[in-house]
Amino acid sequence: MRIRTLERLVGVVGVLAVGTVAVVLAQGPAKALLVDGSTTVGPIADAFAEALMRKDPSLSITVKKTGSGDGAKSLVDGLCDIATMSRFMKDKEYQAAVAKGFLPVAHAIAMDGVCVVVHPTNPVSGLTSDQIRGIYAGRITNWKEVGGADAPIVATTRDTSSGTYETFEGLIMKGEKMAAHVGTVGSNPEMHDSVATTAGAIGYVGLGFLDEKVKALTVNGIAPSKKTVASGVYPVSRPLFLFTRGYPELGSPAHTFCTFYLTEEGHEIIEAKGFVPLTNY
Amino acid sequence: MANRVNTEPAAASLDRPLLLTPGEDLAGYVGGLAGRLVLFLVAASSILAVLLIFAFIIREAIPFFFQGEAEGSALRHVLDRVVELFGSTKWYPEADEASEFGALAIVVGSLYVTVTALVVAVPLGLLTAVCLSDMVPFGIRQIIKPVVELLAAIPSVAYGFFAVLVLSPLIQEYLGVPTGKNILNAGLLLAIMAVPTIVSVSEDALTAVGRDLREASYACGATRAETILRVVMPAAHNGIIAAIILGMMRAIGETMVVWMAAGMAAQIPSPWWDLAQSVRPLTGTIAQEMGETVVGSTHYHALFVLGLVLLVFTFALNLVTEALLGRMRRQGGRIA
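The listed protein sequences correspond, in order, to chains C and E. Letter by letter, the first sequence follows residues 0 to 280 of numbering that gives the first Met the number 0. Letter by letter, the second sequence follows residues 0 to 335 of numbering that gives the first Met the number 0.
Derived from the structure by calculation, the hints contain no laboratory data. Computed from a predicted model, the values in this text were never measured in an experiment. By construction, the Cβ of each residue, glycine as well, lies at the ideal position given by its N, Cα and C atoms. Hints may contain errors.
Said to hold, decoys possible - Taking lysine-lysine pairs in the DSS-like style, the calculated list, with each CA pair at most 30 angstroms apart, reads:
| id | chain 1 | residue 1 | chain 2 | residue 2 |
| --- | --- | --- | --- | --- |
| 1 | C | K64 | C | K214 |
| 2 | C | K64 | C | K225 |
| 3 | C | K173 | C | K64 |
| 4 | E | K89 | C | K72 |
| 5 | C | K173 | E | K89 |
| 6 | C | K212 | C | K176 |
| 7 | E | K89 | C | K143 |
| 8 | C | K89 | E | K89 |
| 9 | C | K91 | C | K63 |
| 10 | C | K176 | E | K89 |
| 11 | C | K91 | E | K89 |
What the hints assert, rightly or not - Computed from the model, here is a short list of chain E residues facing chain C with C-beta under 8 angstroms:
| id | residue |
| --- | --- |
| 12 | Y91 |
| 13 | P168 |
| 14 | Q171 |
| 15 | G179 |
| 16 | K180 |
| 17 | A265 |
| 18 | Q287 |
Given the sequences, and given the hints that come with them, work out the whole structure.
Next comes the structure, spelled out in structure tokens:
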């Protein structure tokens, strides 16, 4: 009896397995897309992937967040289909791609502002980019030198491989090195918490991480807002990119992904994640 | 059959032939040899792992000394790199052509947090151990010791969150210092993490001294304090030093807490006693920068050099501990 039952069970399982395989084969192989790169663009890519996979269940999109530099590298090495980057490709990366026989194509999908933030109790409400550079280079060490209270400045930066650091470094520091006493944190939320809990702190976060617990400074008299960032008037603003190997074939999953920012849903996702869309719905 | 086994000792199974056939003999020999080999390999695997880790880290660290344009001879270039690494405090690993790899401030940062941790943890740990071994009743010791050891089971990231969200604002508020992420914060948490090791090992050493020495001391008219300070602690000194070194290794190798609590600024505090300044220890630097550095770059190899410095340091400490514990065992002390 027992053996009969077992045989029947095996039979049923077998039929089910064959059936599943047949159904899967009939559907064709899942369309896989690998996205890798910036930790800043990551949340947008995650939400894009989720929305697209809901629309087309056969689509399988994996999003990794390893940093803009790593994204470019794995795109060049063919390890991913789309590189998310919070900066444009460097000359070296472009050359490496051309040497591998393809031309990287940039798709600007949104704008991001790197906001200089201080503790909400700080009376200083604005700095020039020269003053910010002076603070991070160690020439200005007390808030009274820039019109604030007599208190030491606690400057905090991001790890040197983050895209936010690269933007800040490129647009504010202009090649000058940061002073040794500048502390380092590893992520936007950590920077936010660090500034929110330290009275004399100055730091910088993406526009999406601004809230009432930190105070955003005007830079050269321009306050960071969706408008000033989208138009590029705010001095520390930057476009966010998707890079592909050549222009993706029309209608391919990569093409759908790279043009999703143009749809109304994509626009809403970008806005919800705290970035500034390039479209105007 | 069963009866015979019951009534006579094991040696009496006389029905077994005394001489083995050559085949049986060989099988037994080979089997024994194979068994030994397998056991040896299992035992050697951890040694192999240590050797492989050393080999891997050295292999990844060496290119650091040879990368970049050499000014003058190759030897000169290697020397320049060594001098820069241990003589300069300028750590700018990602500045392309202008990169600098001065790790002096980073090595010093590790020492700062470790020494601060020890200054707190050693008195605390030793007093706890003495209290547990010589003062409180055995029943209370049986409760307190496991609880202290439980401190070691808390994940270090939990300590890190505590450092950032609780201790850091407290330090800012009560000491009036600009930042709460500093040597003091990291040192205090490392001390809490090192205490279980110090208590556990030194309490074992103190208990191992034995009742006879203590009673001989009392018989000579010594008070309890004299007995503990002049007799028990000197007798257990090897174990106590080993406990301190083990606690030190715990502190110097800890990563998550110092990454979150030390502030990560690559500077040597000035003035030197100002524990309210941020430092950037070796472990935190490696953890923060290794994740996103380009494989094969000078920065990547420089991080392995930092790892090698750390490894050599803990390895040396470990050897000293082993030597001390070994001496303690030879002197007749027992350690659990």
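Original post:
Once the shortest beta carbon distance from E/K180 to chain C is found, is it less than 8 angstroms?
Top reply: Hint holds; E/K180 Cβ to chain C Cβ min 6 angstroms, cut 8 angstroms.
Original post:
Is the shortest C-beta separation between E/Q287 and chain C less than 8 angstroms?
Top reply: 5 angstroms, holds
**OP:** Would you check whether E/Y91 satisfies its interface hint, that is, whether its CB is within less than 8 angstroms of any CB in chain C?
**Re:** Holds: closest Cβ of chain C sits about 5 angstroms from E/Y91, inside 8 angstroms.
Original post:
Hey, C/K89 versus E/K89, does the alpha-carbon distance stay inside 30 angstroms?
Top reply: 25 angstroms, holds
**OP:** Please work out if C/K91 and E/K89 have their alpha carbons no farther apart than 30 angstroms.
**Re:** 26 angstroms, holds
**OP:** Against chain C, run the beta carbon of E/A265 and see if the smallest gap drops under 8 angstroms.
**Re:** 5 angstroms, holds
Original post:
CA of E/K89 to CA of C/K72, is that 30 angstroms or under?
Top reply: 28 angstroms, holds
Original post:
Regarding the hint that E/P168 lies at the interface with chain C, is the smallest CB-CB distance below 8 angstroms?
Top reply: 5 angstroms, holds
**OP:** Quickly compare the C-alpha distance for C/K91 and C/K63 to 30 angstroms and report which way the hint goes.
**Re:** 23 angstroms, holds
**OP:** Return the status of the interface hint for E/G179: holds when the least beta-carbon distance to chain C is below 8 angstroms, violated otherwise.
**Re:** Interface hint status for E/G179: holds (7 angstroms vs cutoff 8 angstroms).
Original post:
When you check the alpha-carbon spacing of C/K173 and E/K89, does it fall within 30 angstroms?
Top reply: 18 angstroms, holds
Original post:
When you check the alpha-carbon spacing of C/K212 and C/K176, does it fall within 30 angstroms?
Top reply: Within the cut-off at roughly 29 angstroms; holds.
The earlier numbered hints are all upheld by this structure, with none contradicted.
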